[in-house]
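Asker: Sequence:
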Amino acid sequence: MKFGHHLKTSLYPEWTVHYLAYEELKRELKTRTRNGQWSDKDETSFVELLENELDKVYVFQASMSEDINQRTQRCEKEISNLDSNATEDLYLALEEELSLIIADVHDLAKFTRLNYSGFLKIIKKHDAIKGNSSSGGQQQNFIRNTTKYWVHQDNITELKLLILKHLPVLVFNANKQFEQSDSAISSIYFDNDDFELYLGRLEKTEGAEAIRLRWYGGMDVNEIFVERKTHREDWTGEKSVKERFPIKEKYVNNYLRGHHIMNEDFKKMRDKGKSDKEINDLEQLASEVQFRVLTKRLKPVRISLDTELTMIREDNYENTIRCGDNWRRMDIGIDYPFSQLPDKDVERFPYAVLEVKLQTQFGQEPPQWVQELVTSHLVEVVPKFSKFIHGVSTLMEEHRIHLLPFWLPQMGVDIHKPARGNYGLQRPIVDTSDASDENVDPMSSGSSEQRDIVSVQVNEIDEDEINEESHLLSEENQQESSRWLWSEPTNALEELEDEIIVGPSSRQALQVPRYFKGRRVAVPVRVEPK
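Heads up: the sequence shown at position 481 corresponds to 481 in UniProt numbering, and the numbers run straight through without jumps.
Honestly, I wouldn't trust all of these hints.
[Said to hold, decoys possible] Think about it this way: if two alpha-carbon atoms lie no more than 25 angstroms apart in a straight line, the pair counts; the simulated DSS-like pairs of lysine-lysine are: (1) Lys229 x Lys384; (2) Lys2 x Lys121; (3) Lys26 x Lys124; (4) Lys2 x Lys130; (5) Lys8 x Lys110; (6) Lys296 x Lys387; (7) Lys130 x Lys296; (8) Lys125 x Lys26; (9) Lys30 x Lys124; (10) Lys2 x Lys77; (11) Lys41 x Lys110; (12) Lys8 x Lys160; (13) Lys30 x Lys8; (14) Lys250 x Lys267; (15) Lys267 x Lys124; (16) Lys110 x Lys125; (17) Lys229 x Lys165; (18) Lys274 x Lys296.
[Unchecked claim] Simulated DEER-style distance windows between Cβ atoms: (19) Glu288 x Asp220: 52 to 62 angstroms; (20) Arg113 x Glu23: 14 to 24 angstroms; (21) Met269 x Ile156: 31 to 41 angstroms; (22) Asp331 x Asn422: 45 to 55 angstroms; (23) Asp343 x Leu161: 27 to 37 angstroms; (24) His259 x Tyr216: 23 to 33 angstroms; (25) Ile79 x Lys26: 45 to 55 angstroms; (26) Tyr91 x Asn280: 54 to 64 angstroms; (27) Lys110 x Val353: 35 to 45 angstroms; (28) Arg71 x Asn280: 36 to 46 angstroms; (29) Pro246 x Asp331: 18 to 28 angstroms.
Simulated from the structure, these hints should not be mistaken for lab results. Positions of the beta carbon are idealized from the N, C-alpha and C atoms, including for glycine.
Work out the full structure, taking the sequences as your base and the hints as a guide.
Answerer: Set out below in structure tokens:
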């Protein structure tokens, strides 16, 4: 939903003239940029208009606040003067006045939030035109739109080979000989005793954060990344964002305890040529994450490693020392399947997780091979799947986890699907009747092939469109039954249908996981405006 429409439908009608003139400011920006330039005169005129709007909103907000305070004090005085002879009409009059005060407080708070958001959005549009936009162009901050799929172990090799026909392998360090540990990606997520971050991410609360430490390779890696992922609702007009900064492993414990300030680290980055704006953004991020860890008493929850996705407990609950006073466990490395750990400490995810990230121009279709891949029998789309949420919900079941992600019922269902058509790897067909003819598999073209280099973002599917009645998979068409009901294949890129069935199918009984019984399942629901 566009913010202008959200503002129009959310404002209090009697105060309409006091709200920010959002559409007028938008028109002013558009009108002044028709010639493609933004002059000093345009800047002066727009800033004056913006300040007038700010003054208008501020004066009304201050006036209403003062009026509410005076009325509250008057009611408080009248209530303190009540005696046993007070009439019922007086009580009713006071009750009515207090109800009006409560309503005004609510509407004024909403008035303040709406105008605050409106000013931020207008300033962001202005900065984008003037050339001071803070979005894009940085490696630390990148907008993500990702579709996630489960891949059965039997399909992993075929899937890799199909992708390698179109995309090159990303090599992080071409000067270093490849080792098995280089492919490992380990992440430690943080949360507190109330699982505040888990619930925020699961319920998709506006501004919900996930904080993690991530490193690439084995336990001897010195560079650790501190990352923060922030969820943004559609009505805000912003995209969810991931931010991160590097820190040396030897400083991690002190950083998490509030004893290490990153000023010297960022000074070295500035000396290497990073801009002041980039450094300021990193300093703010480091300060905010450190503050959040300390004030919310966040502690490690789980770790995931390599493509053999594994969730491992990092906490010290139940008087069991796992990471102790250190920021991570030291009794494990990347030695999958971690058979030395007790079962209650480890969750071995049965599938590989494929993430498709595309960046295309508006209205442009994804490459044909991508569309074929994500609608094939090799993958199963799972909107909004989160390794963090899955790890917490399966490993921390005895710690007040009563709200579970919607994909857990699917864990008991076989995601194998029969192959459709001729999609998949095939050997070239050789015509032995004429040796001069070389029939080559059209999907295996040589050096003349046009290669699509695909990088981040844009979904083929709007993952937010699912609701409490949506199946994990969509239906291929109206006539074909869902695989959940009839064990038939489905098309992963069709619009998600309005049905989720959390009962057993007619052909295959659903094996409900042990952590599912007696708990509520959270399913993504779009509510607009929020």
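Asker: Each hint: holds or not?
Answerer: Each hint, compared with the structure:
1. Lys229 x Lys384: 14 angstroms, holds
2. Lys2 x Lys121: Distance ~11 angstroms between Lys2 and Lys121 Cα, so the pair holds.
3. Lys26 x Lys124: 11 angstroms, holds
4. Lys2 x Lys130: Answer holds: Lys2 to Lys130 is near 22 angstroms, not above 25 angstroms.
5. Lys8 x Lys110: 13 angstroms, holds
6. Lys296 x Lys387: 22 angstroms, holds
7. Lys130 x Lys296: Violated: Lys130 and Lys296 sit about 38 angstroms apart, past 25 angstroms.
8. Lys125 x Lys26: Judged against 25 angstroms, a Cα distance of about 8 angstroms means the pair holds.
9. Lys30 x Lys124: OK: Lys30 and Lys124 at ~14 angstroms, within 25 angstroms.
10. Lys2 x Lys77: 45 angstroms, violated
11. Lys41 x Lys110: 34 angstroms, violated
12. Lys8 x Lys160: Judged against 25 angstroms, a Cα distance of about 49 angstroms means the pair is violated.
13. Lys30 x Lys8: 20 angstroms, holds
14. Lys250 x Lys267: 18 angstroms, holds
15. Lys267 x Lys124: Not OK: Lys267 and Lys124 at ~28 angstroms, beyond 25 angstroms, violated.
16. Lys110 x Lys125: The hint holds at about 23 angstroms.
17. Lys229 x Lys165: At roughly 32 angstroms apart (the allowed maximum being 25 angstroms), Lys165 and Lys229 break the hint.
18. Lys274 x Lys296: 32 angstroms, violated
19. Glu288 x Asp220: 52 to 62 angstroms: 30 angstroms, violated
20. Arg113 x Glu23: 14 to 24 angstroms: Hint holds: Cβ distance 18 angstroms, inside 14 to 24 angstroms.
21. Met269 x Ile156: 31 to 41 angstroms: At 38 angstroms between Cβs, range holds.
22. Asp331 x Asn422: 45 to 55 angstroms: 49 angstroms, holds
23. Asp343 x Leu161: 27 to 37 angstroms: At 34 angstroms between Cβs, range holds.
24. His259 x Tyr216: 23 to 33 angstroms: 26 angstroms, holds
25. Ile79 x Lys26: 45 to 55 angstroms: 47 angstroms, holds
26. Tyr91 x Asn280: 54 to 64 angstroms: For Asn280 against Tyr91, whose Cβ atoms are near 57 angstroms apart, the range 54 to 64 angstroms holds.
27. Lys110 x Val353: 35 to 45 angstroms: 40 angstroms, holds
28. Arg71 x Asn280: 36 to 46 angstroms: For Asn280 against Arg71, whose Cβ atoms are near 44 angstroms apart, the range 36 to 46 angstroms holds.
29. Pro246 x Asp331: 18 to 28 angstroms: 26 angstroms, holds
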